[in-house]
Amino acid sequence: MYLKEYIEKLKTGNFLDEKKWLDQNAILEILSENIPDSKTEEWKNFRTNPIKGNSWKILLEKPAKDVYLKKNYSKLPDTLFFIDGHYIQEVSSLKKNNGINIFSLSDYICKNPEFKNNLFNNPSNYAENRLSGIQDKKPTYFISLNSLLSSGIVIEVEKNKNIKEKINIIHNFTNMDSQVVINPYIIIICKEGSQVSFQEISHNFDLWNNTLKEVFIRKDSKLTFASLQERISTGIKTSAFNCHIDENAELNLKILNRERSKEDIRVFLNKENSKTNISGIVLSNNKDESDVFCKVTHKGKDSKSDQKWRLISAKTSKTAINGKICVNKNAKGSDASFYSKSLLLNRKATSFSKPELEILEDDVKCRHGASFGEIDNNILFFMQSRGIKKKDAIILLIRAFINEIGLDIDDNNEFSKNMIDDFFKQIKENNNLYE
Amino acid sequence: MTTKETAKIVEEVADYKYGFTTDIEQEFAPKGLNVDVVKFISKKKNEPQWLLDWRLNAFDMWKKRGHEMPNWANLKYDNIDFQNIHYFAAPKSDEEKPKSLDDIDPELLRAYNKLGIPLKEQEFLAGIKNSHKVAVDAVFDSVSVATTFKDELSKQGIIFCSFSEAVENHPELVKKYLGSVVPTNDNFFSNLNSAVFSDGSFVYIPPNVKCPMELSTYFRINAANTGQFERTLIIADKGSYVSYLEGCTAPMRDENQLHAAVVELVALEDAEIKYSTVQNWYPGDKNGNGGIYNFVTKRGTCLGDNSKISWTQVETGSAVTWKYPSVILKGNNSKGEFYSVALSNNMQQADTGTKMIHLGKNTSSRIVSKGISASKGQQTYRGLVSVFPNAINAKNFTQCDSLLIGNDCGAHTVPYINVRNELSDVAHEATTSKISEEQLYYCRQRGISEEDATALIVNGFCREVLKNLPMEFAVEAKKLLELSLEGAVG
Amino acid sequence: MLEIKNLSVSVQNKTIINNLNLKIEKGKKVAIMGPNGSGKSTLSNVIAGKQGYEINEGQILFDDVNIFDLDPEERAAKGIFLAFQYPVEIPGIANASFLRTALNSVRKYNGEKDLNTREFLDECKDLSKKLKLDTSFLSRDLNTGFSGGEKKKNEIFHMLMMKPKLCILDEIDSGLDIDALKVISNGLFQYSNENNSLLIITHYQRLLDYIKPDEVHIFNEGNIVKSGDYSLVETLEEKGYQEFI
Chain H
0 MYLKEYIEKL KTGNFLDEKK WLDQNAILEI LSENIPDSKT EEWKNFRTNP
50 IKGNSWKILL EKPAKDVYLK KNYSKLPDTL FFIDGHYIQE VSSLKKNNGI
100 NIFSLSDYIC KNPEFKNNLF NNPSNYAENR LSGIQDKKPT YFISLNSLLS
150 SGIVIEVEKN KNIKEKINII HNFTNMDSQV VINPYIIIIC KEGSQVSFQE
200 ISHNFDLWNN TLKEVFIRKD SKLTFASLQE RISTGIKTSA FNCHIDENAE
250 LNLKILNRER SKEDIRVFLN KENSKTNISG IVLSNNKDES DVFCKVTHKG
300 KDSKSDQKWR LISAKTSKTA INGKICVNKN AKGSDASFYS KSLLLNRKAT
350 SFSKPELEIL EDDVKCRHGA SFGEIDNNIL FFMQSRGIKK KDAIILLIRA
400 FINEIGLDID DNNEFSKNMI DDFFKQIKEN NNLYE
Chain E
0 MTTKETAKIV EEVADYKYGF TTDIEQEFAP KGLNVDVVKF ISKKKNEPQW
50 LLDWRLNAFD MWKKRGHEMP NWANLKYDNI DFQNIHYFAA PKSDEEKPKS
100 LDDIDPELLR AYNKLGIPLK EQEFLAGIKN SHKVAVDAVF DSVSVATTFK
150 DELSKQGIIF CSFSEAVENH PELVKKYLGS VVPTNDNFFS NLNSAVFSDG
200 SFVYIPPNVK CPMELSTYFR INAANTGQFE RTLIIADKGS YVSYLEGCTA
250 PMRDENQLHA AVVELVALED AEIKYSTVQN WYPGDKNGNG GIYNFVTKRG
300 TCLGDNSKIS WTQVETGSAV TWKYPSVILK GNNSKGEFYS VALSNNMQQA
350 DTGTKMIHLG KNTSSRIVSK GISASKGQQT YRGLVSVFPN AINAKNFTQC
400 DSLLIGNDCG AHTVPYINVR NELSDVAHEA TTSKISEEQL YYCRQRGISE
450 EDATALIVNG FCREVLKNLP MEFAVEAKKL LELSLEGAVG
Chain B
0 MLEIKNLSVS VQNKTIINNL NLKIEKGKKV AIMGPNGSGK STLSNVIAGK
50 QGYEINEGQI LFDDVNIFDL DPEERAAKGI FLAFQYPVEI PGIANASFLR
100 TALNSVRKYN GEKDLNTREF LDECKDLSKK LKLDTSFLSR DLNTGFSGGE
150 KKKNEIFHML MMKPKLCILD EIDSGLDIDA LKVISNGLFQ YSNENNSLLI
200 ITHYQRLLDY IKPDEVHIFN EGNIVKSGDY SLVETLEEKG YQEFI
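Line by line, the protein sequences give chains H, E and B.
Numbering of the first sequence is given in numbering that gives the first Met the number 0, commencing with residue 0 and proceeding in unit increments.
Numbering of the second sequence is given in numbering that gives the first Met the number 0, commencing with residue 0 and proceeding in unit increments.
Numbering of the third sequence is given in numbering that gives the first Met the number 0, commencing with residue 0 and proceeding in unit increments.
These aren't lab readings, by the way, just hints derived from the structure by calculation.
Careful: at least some of the hints might be erroneous.
Label pairs and their computed distance ranges (CB to CB) [stated by the list, open to error]: (1) B/146 <-> H/402: 50 to 60 Å; (2) E/82 <-> H/38: 25 to 35 Å; (3) E/49 <-> B/144: 56 to 66 Å; (4) E/407 <-> B/125: 28 to 38 Å.
In silico SDA-like links for lysine to any residue, alpha-carbon gap of 20 Å or less [claimed, not checked]: (5) H/218 <-> H/272; (6) H/347 <-> E/392; (7) H/328 <-> E/74; (8) E/466 <-> B/49; (9) H/300 <-> E/435; (10) H/300 <-> E/433; (11) H/300 <-> E/405; (12) H/115 <-> H/148; (13) H/331 <-> E/375; (14) H/347 <-> E/422; (15) E/375 <-> H/327; (16) E/75 <-> H/327; (17) B/181 <-> B/100; (18) B/49 <-> E/375; (19) H/328 <-> E/75; (20) E/477 <-> B/100; (21) E/477 <-> B/93.
Each residue gets a CB set at the ideal place from its N, CA and C atoms; glycine is no exception.
Construct all of the structure, not just a fragment, from the sequences and the given hints.
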């Protein structure tokens with residue numbers, strides 16, 4: 000079915016019985032077709048024309064069994080499989096009774112009706128006063144679309160469970176139709192006193208992947224979440240990550256993003272002593288852009304945030320980071336820092352950085368910095384004089400640049416290593432490196 | 000010009016439908032902005048046809064904007080009714096003027112006394128009835144000094160005069176450079192200014208001349224009502240140097256709510272321009288009533304190789320400040336600098352910063368911004384560093400620090416950094432801090448009062464910028480900071 | 000010179016100093032020793048007038064005048080000097096210029112004229128030579144980027160320039176190497192005479208070996224548990240605080 004058709008049906012009403020939790024404003028948002036463009040500050044560095052100019056098809060049903068069972072899936076333990084955006088229990092390998100429970104969102108809301116008030120699909124929840132003074136709700140188009148089209152999966156971590164095994168979330172794609180939009184929607188709730196690590200791997204795709212993750216980290220709990228994106232050859236990724244952190248709770252977020260992607264991260268340190276560490280690597284090649292908007296809002300006393308970003312653009316590509324730190328009034332004793340470093344590998348590569356601060360409380364510590372640089376010629380010469388070929392030396396130095404921040408959540412993480420290696424393979428083919 | 004003549008002009012330029020009024024002492028256009036008013040201003044100033052055309056063209060562009068003021072800044076203010084403003088000489092009638100200093104906001108008087116301003120000047124600054132003549136006598140010294148300077152400067156071929164004089168005597172220079180740095184259509188306010196600018200300063204430094212003194216509009220009293228839509232143009236020819244000071248440390252009580260000046264600097268090969276500002280327009284009272292809206296466009300072009308432009312500003316006044324002195328680094332090896340201290344106390348808001356546009360090879364820029372917010376003040380640093388593909392080996396260093404005093408103020412930092420070639424080195428650093436209880440206690444234990452300690456710490460915070468000001472200006476700026484901070488502590 | 004009578008102090012309803020009585024005579028060197036958390040630093044801050052303490056009872060008389068109602072700067076002007084355990088950094092203000100501001104503020108309070116800048120600088124230089132401090136010490140920003148030892152030396156430098164009547168040293172000897180300790184004790188020798196007094200608050204006996212205080216008090220849970228002369232330091236050295244608390 001085409002998205003347009005679906006929306007036409009929506010207008011006739013009675014179509015949404017199974018989605019009573021969806022905010023009415025969200026539906027209005029989709030009907031308005033308010034797809035942001037470069038006029039919207041936060042979308043300045045990402046071209047949305049390919050999204051605007053296409054007639055998108057939607058997949059309301061799960062892929063057929065014979066389609067996904069044909070594929071070979073890695074035999075990883077503790078894995079949740081998403082195929083074309085739908086959670087497929089049959090191929091997943093999550094152990095029973097290990098402290099993690101999976102629900103569909105509608106079931107979860109039936110059991111906990113008040114939970115729907117926490118969800119972010121409401122544009123008025125989502126839109127906040129922005130520093131520039133311009134208020135718009137445009138980014139919510141994607142979120143609203145996602146929550147309308149996806150059934151949503153709730154992953155709940157039981158109270159006081161310390162889950163030692165890393166849980167994998169793997170996105171696979173069988174649909175090769177580049178006209179298709181898919182909408183994975185994952186909600187993670189870490190209940191009081193729990194501890195868990197997730198690693199989300201997204202494989203290459205050709206379609207438009209519009210994902211939404213909403214995360215709730217309750218009192219005294221701790222979540223480590225690594226989100227790793229493989230090379231995207233022809234698809235488009237728009238992705239939102241929203242996280243709410245309670246008292247003494249902590250989020251460690253690790254991001255690896257590739258070209259043709261736009262990531263929108265919002266972390267709310269809602270209560271006293273809440274904490275987040277965010278480290279991200281943004282890689283871009285050819286003529287594509289990779290754009291990240293990351294906003295951390297300090298609301299609770301003595302909350303802490305730390306962000307480290309590394310951006311690399313090769314050929315004529317663009318990387319962008321818009322990192323915003325807000326310290327609200329009464330968030331006394333907050334401590335926030337943001338550092339980004341960009342590396343451009345070719346003359347025509349571009350990088351954009353906008354580390355914003357908005358401080359409304361005087362008893363805080365805030366630091367931010369951004370730097371753009373090139374590889375130090377002295378070091379390069381030193382390495383060459385030790386017999387290392389120039390290109391290898393450059394690659395080695397770029398690796399060092401990335402390694403300053405770690406993505407791994409355990410010691411032998413093949414995925415992040417392979418993905419970064421893949422990027423290096425690509426840039427090695429690039430003959431004009433550093434010229 | 001006599002009253003009769005003015006009346007004649009009015010008849011000539013307008014079909015008289017607005018009923019132009021002629022006052023006994025001064026002539027002015029009616030409120031509002033239209034083609035006739037633009038023509039009136041130009042005619043009053045005896046301008047040549049090309050400048051009138053230039054103004055009319057600007058007015059045309061401005062009209063097309065549909066009165067949409069820019070709204071991207073982090074500022075909240077009432078909409079300005081552009082048809083409710085006098086665009087040419089509109090003094091208050093004597094009845095409306097305060098009769099004596101007794102009628103003036105006592106806070107303002109206290110400020111004058113603290114800054115050591117003589118009584119006669121105080122009366123003038125405060126706009127007291129009949130004070131004009133006396134005040135001119137009081138500043139007679141500086142006027143004559145200015146004339147002496149002029150003689151000395153002209154010996155070296157330096158032109159330093161009012162903008163109107165420059166139009167008359169050096170039209171080729173004005174024609175060549177007017178609007179070359181800030182295009183008419185650049186933004187809403189530069190557009191407005193281009194249509195209705197009143198007067199301002201013009202400076203030309205001939206090749207290889209180092210201007211022997213700091214040029215300055217720093218006379219406590221400028222000609223009344225020229226401040227509103229000022230237009231300044233400074234050209235430093237090859238190998239020359241000039242340092243220009245603008246401003247006034249005394250808070251001028253002004254009836255004009257809106258100020259929209261344009262400053263253009265042009266530095267040719269090997270030339271250097273240093274432009275320092277101390278801005279202390281009336282900030283309004285503690286509750287945010289009154290005060291100046293300051294919407295200024297300041298920009299310089301390093302046109303030639305090895306040229307340099309340096310902006311230093313101390314911004315403590317105005318209710319609303321919207322100001323981004325910028326440098327376009329076009330020539331190879333050219334340098335741009337921006338040093339800023341901005342303070343917002345009480346209900347003041349400032350959205351200020353700079354743009355460094357790197358176009359030439361080996362260009363470098365340096366930005367040091369110190370923002371202080373106290374009481375309910377809101378302060379935004381907004382900056383752009385843009386490195387173009389051909390600006391190989393461009394270097395930028397940006398440091399912007401904020402200091403908050405009190406619990407109701409805010410500091411915002413919005414640096415845009417756009418790099419488009421791989422051989423450049425751009426670094427941005429920022430911190431936000433407060434005056435800690437420990438620092439205050441330590442100072443007080445050494446016998447320094449809380450208020451003095453605050454001023455001391457603020458001065459320390461700003462030192463990196465203040466040291467770039469010419470000596471006597473720096474001393475005044477320090478005093479000004481102390482004064483502007485009063486009431487912020489405790 | 001200083002007389003503390005029945006002093007009780009609490010912070011957030013927790014009693015820190017409990018009914019303390021202490022007298023420091025003119026010309027005397029007095030040491031207060033005690034384990035961590037015994038209330039020693041609170042005592043020095045209460046004398047200097049730091050805010051945030053609730054005075055529940057008692058008096059502090061300085062030259063027979065109760066100083067409770069005085070601001071810290073007024074107490075400084077009367078001649079009370081506190082050498083901080085953690086001296087504060089103020090970027091952008093040169094050490095010498097800070098000191099001159101301090102001295103002139105005190106002089107103004109006492110109805111004296113401002114210092115002659117030349118004489119002030121000469122005195123600074125002489126003194127820094129005596130203390131074996133590099134002259135760059137004067138032009139560097141106040142305590143900014145100073146090492147721990149340099150900060151403590153700078154406190155002694157301030158003390159000698161301000162010439163207070165009563166000097167309180169709050170843990171001046173913690174974290175110092177032996178050379179810095181010597182510089183500091185030399186400075187204290189220079190300072191001490193029959194007209195002024197010294198109150199040394201410390202955890203260790205190291206500095207006391209140099210200074211040889213006239214009176215030693217052992218402090219615990221907000222009060223003096225044992226008093227004596229210098230020999231008490233030696234006893235403490237042998238037996239530790241456990242013997243007294």
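Practice task
Any hints from earlier that this structure breaks? Give me their numbers in increasing order, please.
Solution key: 1, 4, 8, 17, 18
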